[in-house]
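A.B. asks: The residues making up each chain are set out below.
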Amino acid sequence: MSTSLKPILLVEDNPKDLELTLIALEKSQLANEVVITRDGVDALDYLFCRGDYESRHNGNPAVILLDLKLPRLDGIEVLQVIRTTPALRSVPVVMLTSSREETDLLRSYELGVNAYVVKPVAFGEFVEAIADLGIFWAVLNEPPPGSTRVARRSAQK
Amino acid sequence: MNPVMTSGRAEQTAAARDLLNACEREPIHVPGSVQPHGVLLCMDENLRIVQASESADVWLSHSADALVGRECADLLGESDMERLRTARGRADIEESPLYIGVLTANARHFDGVLHRNDQLLQLELEPTRRGQDMGFGGIYPLVRSFVSNLQSASSVDALCELAAQETKTITGFGRILVYRFDEDGHGQVLAERRDESYESYLGMLFPASDVPPQARELYLRNRVRLIADANASPSPLHPRDNPLSGAPTDLSFSGLRSVSPVHIQYMKNMGTLASMSVSIVVRGHLWGLISCHNAEPRQVPFDARIACEHLGQILSLQIEANEERAQTHQRLELRRILVGLLSAIADRDDFVAGLMSSPTDLLAFAGAGGAAILFGGRCELFGDTPDEAEVLKLVDWLSAHSSNTVFSSACIGRDLPADVVSMGDTAGVMAVSISQVHRNYIIWFRPEVRRTVTWAGRPDKTATTAEPTMLSPRHSFEAWSETHTGCSRPWSAGELDAALELRSAILTIVLRRAEEMAALAHELERSNRELEAFSYSVSHDLRAPLRHIVGYADLLRELEGEGLSDRGRTFLANVEESATFAGTLVDDLLTFSQMGRAALRPTQVNIRELAESVIKDLDAETAGRNVRWEFGELPVVRGDPAFLQMVMRNLLSNAVKYSRGREPAVIRIDGEDTATTHVIHVRDNGVGFNMKYVGKLFGVFQRLHRMEDFEGTGIGLANVRRIIERHDGHVWAEGETGHGAVFSFDLPKP
Numbered sequence: 001m002s003t004s005l006k007p008i009l010l011v012e013d014n015p016k017d018l019e020l021t022l023i024a025l026e027k028s029q030l031a032n033e034v035v036i037t038r039d040g041v042d043a044l045d046y047l048f049c050r051g052d053y054e055s056r057h058n059g060n061p062a063v064i065l066l067d068l069k070l071p072r073l074d075g076i077e078v079l080q081v082i083r084t085t086p087a088l089r090s091v092p093v094v095m096l097t098s099s100r101e102e103t104d105l106l107r108s109y110e111l112g113v114n115a116y117v118v119k120p121v122a123f124g125e126f127v128e129a130i131a132d133l134g135i136f137w138a139v140l141n142e143p144p145p146g147s148t149r150v151a152r153r154s155a156q157k
Numbered sequence: 001m002n003p004v005m006t007s008g009r010a011e012q013t014a015a016a017r018d019l020l021n022a023c024e025r026e027p028i029h030v031p032g033s034v035q036p037h038g039v040l041l042c043m044d045e046n047l048r049i050v051q052a053s054e055s056a057d058v059w060l061s062h063s064a065d066a067l068v069g070r071e072c073a074d075l076l077g078e079s080d081m082e083r084l085r086t087a088r089g090r091a092d093i094e095e096s097p098l099y100i101g102v103l104t105a106n107a108r109h110f111d112g113v114l115h116r117n118d119q120l121l122q123l124e125l126e127p128t129r130r131g132q133d134m135g136f137g138g139i140y141p142l143v144r145s146f147v148s149n150l151q152s153a154s155s156v157d158a159l160c161e162l163a164a165q166e167t168k169t170i171t172g173f174g175r176i177l178v179y180r181f182d183e184d185g186h187g188q189v190l191a192e193r194r195d196e197s198y199e200s201y202l203g204m205l206f207p208a209s210d211v212p213p214q215a216r217e218l219y220l221r222n223r224v225r226l227i228a229d230a231n232a233s234p235s236p237l238h239p240r241d242n243p244l245s246g247a248p249t250d251l252s253f254s255g256l257r258s259v260s261p262v263h264i265q266y267m268k269n270m271g272t273l274a275s276m277s278v279s280i281v282v283r284g285h286l287w288g289l290i291s292c293h294n295a296e297p298r299q300v301p302f303d304a305r306i307a308c309e310h311l312g313q314i315l316s317l318q319i320e321a322n323e324e325r326a327q328t329h330q331r332l333e334l335r336r337i338l339v340g341l342l343s344a345i346a347d348r349d350d351f352v353a354g355l356m357s358s359p360t361d362l363l364a365f366a367g368a369g370g371a372a373i374l375f376g377g378r379c380e381l382f383g384d385t386p387d388e389a390e391v392l393k394l395v396d397w398l399s400a401h402s403s404n405t406v407f408s409s410a411c412i413g414r415d416l417p418a419d420v421v422s423m424g425d426t427a428g429v430m431a432v433s434i435s436q437v438h439r440n441y442i443i444w445f446r447p448e449v450r451r452t453v454t455w456a457g458r459p460d461k462t463a464t465t466a467e468p469t470m471l472s473p474r475h476s477f478e479a480w481s482e483t484h485t486g487c488s489r490p491w492s493a494g495e496l497d498a499a500l501e502l503r504s505a506i507l508t509i510v511l512r513r514a515e516e517m518a519a520l521a522h523e524l525e526r527s528n529r530e531l532e533a534f535s536y537s538v539s540h541d542l543r544a545p546l547r548h549i550v551g552y553a554d555l556l557r558e559l560e561g562e563g564l565s566d567r568g569r570t571f572l573a574n575v576e577e578s579a580t581f582a583g584t585l586v587d588d589l590l591t592f593s594q595m596g597r598a599a600l601r602p603t604q605v606n607i608r609e610l611a612e613s614v615i616k617d618l619d620a621e622t623a624g625r626n627v628r629w630e631f632g633e634l635p636v637v638r639g640d641p642a643f644l645q646m647v648m649r650n651l652l653s654n655a656v657k658y659s660r661g662r663e664p665a666v667i668r669i670d671g672e673d674t675a676t677t678h679v680i681h682v683r684d685n686g687v688g689f690n691m692k693y694v695g696k697l698f699g700v701f702q703r704l705h706r707m708e709d710f711e712g713t714g715i716g717l718a719n720v721r722r723i724i725e726r727h728d729g730h731v732w733a734e735g736e737t738g739h740g741a742v743f744s745f746d747l748p749k750p
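These protein sequence lines map, in sequence, to chains A and B. Start counting the first sequence at 1; every next residue gets the next number (this note's numbering). Start counting the second sequence at 1; every next residue gets the next number (this note's numbering).
No wet-lab data here; the hints were simulated from the structure. Careful, some of the hints might be misleading.
What the hints assert, rightly or not - Some but not every residue of chain A turned toward chain B, in silico, with C-beta under 8 Å: (1) 16; (2) 17; (3) 20; (4) 23; (5) 69; (6) 98; (7) 119; (8) 121; (9) 122; (10) 123.
Using N, Cα and C, we set each Cβ at its ideal position, and we do this for glycine too.
Chain B with its partners taken away, still in its complex shape (with noise of 0.2 Å):
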């Protein structure tokens, strides 16, 4: 059934559902009788009859009773007896009725078909015009130029069309329909070939419930079925049940089988007595039936039914061939563009901005109107989409209800809960879970198609005229059109595929990235092993001549100092106080390649105690000056205290050291708290800096002044910037030429 019902359709659907049910427990297999247009002849193994069908009495001249116990070499000649027990002993008489050739009984003519089932082998003898030596070449130049004109046929449309025409000629019949079963079981009338007389049926949808499921599975065993004329009185077999089981007789297989009453009543009320169906089976499913209808009884001879069954199967075979050419191609399409998407993805550090790169392919890929990527806490969005709290509410609902990685829908309205549905135009999702762990979701949408319906009969007509207890099928068969609302195209099981193959390659791609973060975090720390070796040797090496150098020169000026010119003194003085300075610098290295390695000791620091002591220490440099220190509210934050002392030390330093010559120099530290971090700013009036070289200040060994100017060896910042990031906080400065700096750090609250 179809999912979203103009009103009106829901009490269609439940008598449609009574009468459905009904039909499905009616066993149609075991009528207990045959058309009374041939006769059946149930025999055991020894080729006995053991029980015939009433219509014996017509073509044999035997009355069935008289029959059963009866030698069947009693009825057939030699020859044709011959035929019978080489039939016997063939193995596919179990699957299908074999045909054996024109027997003679009674001075008739019959087409002989026999078969195994029950426990039985069932003979059913059809009257036949053909002689005994007559095949079936009258059908041959039929089929051939079917099978002729079937291989210009491009579509399933026209390989319809043209089975239609074919089966018109073969049949006589006034009118044939070719139909196909949608995803619910409605057959829809792809193509027909009618006399004038008759209505056209042509793409209408015939309900489910018209052919219940053992009827389907009938038509997969028999694959033609004809019903020659809907008043003949079923003639019924003697004795009722199979003497051999003791239950009625199955004749599933039997081409005579008679045709259940209510099947009967619903080609009366179609204004059809004779009717036949070809069956079309495509990769062992009933995808369709060539059905044919004669306002008249209508006899189909034998062979005439051999060719269409056979036009039947070859139809078969050009549809699925046709469909897998048709998906073959639909297949190649969505690879192609599943390989354009992926190689933008892997030209990009993450998958997401691989997808946003080319939307167009994103959309074309699952044909969709519009598409949400949601990634490690985003949602992107592209098309037509609904908005991003819609789509989040979609997430959740999708990951408490579907454990699935792939799920869609083609009528959201009634697959997914009321307060999940608002979702606008769109009426269909597909969504694919990237992870199973996090609520990763690529999700395609498409828009509502609202689609007309028309109906061969309304269907809520069922049985509205019959006694309630009898089954009864529905009387109209006039057109009646509904509008489908509330549901896009439905998703293809080539697009489910698609999309958990771009997902699995999207997997691909995110472990090969996270196995080459792996490999890049090796080579750091390889190669931070080695910083540490050089620093090592740096810490050794360069020291030591650093310090012979002050050494000497120290013990020269206090030895031969008096004996030196003013210059030479004041040359000695200068190698003293370079040598020391490169002393210092390569001090000042090492602490900051310490400060990367050493552990952390985290622990409550409170910030005002800790920018007191340090001021306290810095005593010695602004003695002499007039410092004014300011302080506004501060935290107790979480870190090193040590580390965080530097951290102050340099700040506060650098702070009175570029304030040199104010008067006087106001130092002013302030606290701010946001919802996560903890905010510090150490505010000077000195002499500030240009903000173009801001990027800079937090380097090694940058400077923005003259030595002579100010003095340092350019390593204090970075300090600060490597101890706070360590402490997995954030360093930034704010400043103007001659109008002061402010040097902020935050620090995460714990």
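Just chain A, same shape as in the assembly (with noise of 0.2 Å):
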């Protein structure tokens, strides 16, 4: 596993979405780490390298992707955070979400999101996006053959 990339770190609490969404990070063929969170809490904490990661290195993700409806903290008000912290203020964040609705897009282009992906029925288009932000957001890196790039990180604290 490569040390000298950034993670991504991907913020999603329904487990389906998740794996879809590995999947769909796997065959877009970054060579990042992915971390793992699944709320919005638990997200901050990584951010902030505190709770259960309060021994982790310092240094942020190469680009968060942040499901807007999570537990406890939702999407938004973590992207709220985020952009009103200077050191994380300069983190590109992917927003996703099922949601066509006006007033999240609208919220989170003021908020100053990156990018804003509804997450398309059909699993071709949505691995499609997931790649195009990979490339545009992360660093590309030739994987070796057959090898997973991705780093799962417990679901479970």
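Two chains, two frames, a set of hints: combine them into the complex.
C.D. replies: Right, here's the structure in full:
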């Protein structure tokens, strides 16, 4: 596993969406480590190196893939904290959502989201969208054939 | 005066007005003299005589001049003086003369009446045949029988008949008339009792000028007025003026006050040398008079006059009660109709429909022949009304000239300008303005009522024989008829009140309805918000599982597809297809719900350019097909370009879809202009539809075709309708199975 690449932080509570997103990331052949957190509080703990993540080495992720609807703190609230914290402000954030709601979208852009992806129903399209995002925001690495570039962290605390 | 007159009346009116004006100027309450059948002694508070009438010479055997400066005690005995002193202390002698009993002076008996006016104690003495101790016992049976008969009289006319009869019995005058003053002041004779030698005046009208205003004022103060002999010379007061004030003595309350020369002449012209009037006062107003005439001079004893006064008061009370009963009855009846009208209004969504549902009540309510309701630009007519153009002209005039809530006229020919009046048979109008801001009215119409009036003498014959400088009353009392035209039955105070009441009830109902609408709007807003929350949740929660189904099916196919049988792969494909379609449905539904909420950003939109860009987008769908596009003249409209693009896209892609298989498919886009709208038509030569289902076309998820024939979620046209309606436009469609369809919408011109 390469440690020279910054990880991708994926914040997703739904296990099926999580699995499908990871498969999509896998299919897009990104070399970055994928750190998984399951709600907004957990995600902020990671970003601020506190709680369960106290011991991790410092450094911001390459990109944060943030689901909109999350338990405890939702995606908009997490985004708000990120954009008002000087150390985190410059981290790219991609909002992933089921919603086509205009209000969510407007709010996200107001808060300075870098991209906004409405998860399409067709899986193929989703893989394409994730791949595009990865290419744009993360660092593309030539993976060894057949190897899995995804390191999964436990969903449990 | 009555409003519209036949020709010839105009001159008469002027003449009568001159006379009336002259009469009005005559100071009849300070004639400086009394009638000679009695004596007036004016005293200061010490009962010292300061003024006396010349008749003292005849009745008291002292010249007036000799009496002035003497004590009253020099004339009257001690017991009479005692009565006088007691009366002097009473407060009520200020307001009306007080009978103080039979007094004795110069060995004669007199009825003595005392009142205070103009700083003087005015003692009037009238010779009487009754002795010192006789009361008014004789008149009691007369009045009693009158009162008991009154109770059985049911109408004002019947009451007047009785009063005439009774007054004739009491006074013995040759002719008794009971008349009432109409709203113009003319006296209409309601009842008459006369000896055969007297002419009849029953039903006739005495013009208002016969009784000038200051005389009416005196009739209110003195309820009985006797002129015993028109030929008798008045007996002047000595000295002429009130020594305490230096001005002519005010004789307003004096029963002996001498008569105006004009009135004396009037009596002589009428052939009566004695007359007596009893006032009928209802609710403080001079309602009418009992007028007694006698060809020869006639003295009416004091007690008989008291009886007549009493009779007049009873009659007044009875008339008042009778009128109030009639009014109450009328008001109750109006109220009954009003309640009916209001419940009809309350039953319906708008009050116009409510009023229209009971036209009989609407007319009966105002005793009208026709009615018009003008509300919110509508004009509804019932019964006999002028035509709509005339009614609108009337409304124009009303809104410009009448600031009152109620306008009424029984004579529009007199009260309205000539260009508003051409209303056929209509002569009376009562209009209630429902709104101060808008021109909303309820108007009632009454037809002309031709009325023949008989005057007691042609009034224009006044003052023709006398010298021009001398004020002279009319000479002729011969009946003279004229026909009144151009007027309807007058609108009564009760009817005007009821119209106001109807108005305020309508306002209450309209206001309540507005409140209900506001509550409804509030409720709608709430449920709209709920719906928003619902679609939000659908958007998130319903899409996720569909996405998972499609995702896992795809992965299954990818990973294990090789191992599946053909059937298994078909099933898997069906799973994916169905879930994908369900996802599309959810997305379309969300678009639809967003359409209702998203803000419009209107700008100029060129329909031709819009159509061409949409056609370009449809390339994929028209590829390999023979589609001919045609354009008519197309407008530039005002609207939200993104939304209108969606409308065009839906209509054109439908046209492409449903003309599948036509060779060629012809799709034509036309424009059409009306005064207020731009209309766009999209016409195809496709499969069309049965007009039976036209109502379903624009509903959500309504489909007229099988899925295998024509794909789609059935939401496209619902979106079209929603967008167009949010632009304040309309959508509609025409079609025929197998013969194509035309879908149209219009947008208001800016």
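A.B. asks: So, for every hint listed, does it hold in this structure?
C.D. replies: Here's how the hints hold up against the structure:
1. 16: holds (5 Å)
2. 17: Holds: closest Cβ of chain B sits about 7 Å from residue 17 (chain A), inside 8 Å.
3. 20: holds (4 Å)
4. 23: holds (7 Å)
5. 69: holds (6 Å)
6. 98: holds (4 Å)
7. 119: holds (6 Å)
8. 121: This interface hint holds because 3 Å falls under the 8 Å limit.
9. 122: For residue 122 (chain A), the interface hint holds, since the closest Cβ of chain B sits about 6 Å away, which is under 8 Å.
10. 123: holds (4 Å)
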